[in-house]
Amino acid sequence: MKKYDFDLGIFKGKVYTDGVFKNTSIGIKKNKIAHIGELKPENCLQSIEFENKYILPGMIDTQVHFREPGLTHKEDIYHGTKGALLGGITSIFEMPNTSPATIDEIEFQKKIKIAETNSWTNFAFFIGACKANVSKLDELEKMKGCAGIKIFMGSSTGNLLISEEEDLEIALKTCKRRVAIHSEDEKRLIERFKTINKSNGVIEHEKWRDSLSAIISTKKVLKYAKKYNTKAHILHISTADEIQLLKNKGKFITVEVTPQHLTLFSPDCYNKLDSLAQMNPPIRSLEHQIGLWKGISNGTVDVIGSDHAPHTLEEKKKQWPNSPSGMPGVQTTLSIMLNHVNNKKLTLQKLIELLSENPCKIYNIKNKGFIKEGYDADLTIVDLNKEIIIKNENIASKSGWSPFNGMKLKGSPVATIINGSIKMIEGKVLEKPNGKVIDFD
Numbered sequence: 001m002k003k004y005d006f007d008l009g010i011f012k013g014k015v016y017t018d019g020v021f022k023n024t025s026i027g028i029k030k031n032k033i034a035h036i037g038e039l040k041p042e043n044c045l046q047s048i049e050f051e052n053k054y055i056l057p058g059m060i061d062t063q064v065h066f067r068e069p070g071l072t073h074k075e076d077i078y079h080g081t082k083g084a085l086l087g088g089i090t091s092i093f094e095m096p097n098t099s100p101a102t103i104d105e106i107e108f109q110k111k112i113k114i115a116e117t118n119s120w121t122n123f124a125f126f127i128g129a130c131k132a133n134v135s136k137l138d139e140l141e142k143m144k145g146c147a148g149i150k151i152f153m154g155s156s157t158g159n160l161l162i163s164e165e166e167d168l169e170i171a172l173k174t175c176k177r178r179v180a181i182h183s184e185d186e187k188r189l190i191e192r193f194k195t196i197n198k199s200n201g202v203i204e205h206e207k208w209r210d211s212l213s214a215i216i217s218t219k220k221v222l223k224y225a226k227k228y229n230t231k232a233h234i235l236h237i238s239t240a241d242e243i244q245l246l247k248n249k250g251k252f253i254t255v256e257v258t259p260q261h262l263t264l265f266s267p268d269c270y271n272k273l274d275s276l277a278q279m280n281p282p283i284r285s286l287e288h289q290i291g292l293w294k295g296i297s298n299g300t301v302d303v304i305g306s307d308h309a310p311h312t313l314e315e316k317k318k319q320w321p322n323s324p325s326g327m328p329g330v331q332t333t334l335s336i337m338l339n340h341v342n343n344k345k346l347t348l349q350k351l352i353e354l355l356s357e358n359p360c361k362i363y364n365i366k367n368k369g370f371i372k373e374g375y376d377a378d379l380t381i382v383d384l385n386k387e388i389i390i391k392n393e394n395i396a397s398k399s400g401w402s403p404f405n406g407m408k409l410k411g412s413p414v415a416t417i418i419n420g421s422i423k424m425i426e427g428k429v430l431e432k433p434n435g436k437v438i439d440f441d
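FYI, the numbering for the sequence shown is 1 to 441, going by the numbering used here.
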């Protein structure tokens, strides 16, 4: 029986390594990138060619809500990670606003156990900050598979909330790792909700959760992050004002934007999609969207995250404000962003930074984010010329819909390799879920 040097050989692709694209080959052995360079197929147990395709480090989505446990009629880890896999995502960070919320070791370990059996991708989970655990966060964040601490400063799906400034200060003083923050000011949201004309429908959503509610909250984060040298990651910023506020943010603050905020804008999205376009913080005007793109070009924005937060169509079709906020996105994030690459909104290299390299640097993910010998063999293969139409019927999420339904895109993932195994090729999912817990330095 022949002994092979490599378990898998990848040939004829344009490999992104050392900051450039190279026409080279990759040899994978025991889940690791073992060789980059000249390679012979006969030395590989399995070989695959990706002619005229781009071989990227595995894409990482650092903000998803998979609703398990407790809300599995909307989504679960199996279907959520299957969508991620189909969308070229190799690793996910999942949020704590499940039922019960992930606020202690018992609930955290339940999620780990589910994911070890059901996750198609590699995974880590956030611990949610609340009044009950705020002084213990530095211990909770040390658990294996913990992505860090998540703070909700404004009410959203679930009941996790840090609305008092003194609790925010304790949390940011206590945490040693990167803290991910949903930044909207709860007091302003409560006051403004009283003034909104509910009968106008979802168009009022962005008026209620206005730009100032984000600015007030983000200024508090900056105040305490700088005071205690805490690393804070501000999620899904939605306003040009925040880009202006954060452009000189310093080394402790990092920033995420979603594909929704970069692609959809009001009032157009609400006129077309009604409450399907409803999320927190809201999708805003084209002026704000232009500001977010400036934040990408000038380096203020560090990460793209999907904020995949599905609800059923039945739930979403309730009359605002009874309709829940959030939408699916993990399966479409990369394709949406590749379309923006083709439209010259950003370069492919910049997209790799936002979806792979920077998540690893920000969260200290071990051995991912780069195509280097010795690193984990997580790879995303994309075809920049492939044209697709997003269709609800192809969405793997249990919710079964996308706000981008019917949208024509150019650029798509065509294969996903996770831990050295081809798990998706041309829209077909292979084998069974075998994602691994993510390690952090």
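Because the hints were derived from the structure by calculation, they are not lab data.
One or more of the hints may lead you astray.
Calculated cross-link-like contacts (lysine-lysine; reagent style BS3-like; alpha-carbon spacing at most 27 Å) [claimed, not checked]:
id, residue 1, residue 2
1, Lys231, Lys207
2, Lys187, Lys226
3, Lys2, Lys12
4, Lys223, Lys198
5, Lys29, Lys2
6, Lys223, Lys391
7, Lys29, Lys144
8, Lys30, Lys136
9, Lys131, Lys12
10, Lys131, Lys30
11, Lys372, Lys391
12, Lys173, Lys194
13, Lys350, Lys247
14, Lys110, Lys251
15, Lys30, Lys436
16, Lys144, Lys187
17, Lys249, Lys12
18, Lys144, Lys131
19, Lys227, Lys194
20, Lys247, Lys144
21, Lys345, Lys144
Tell me, which hint numbers fail for this structure? Result: hints 1, 4, 6, 8, 9, 10, 11, 12, 14, 16, 17, 19, 20 and 21 break, sorted rising.
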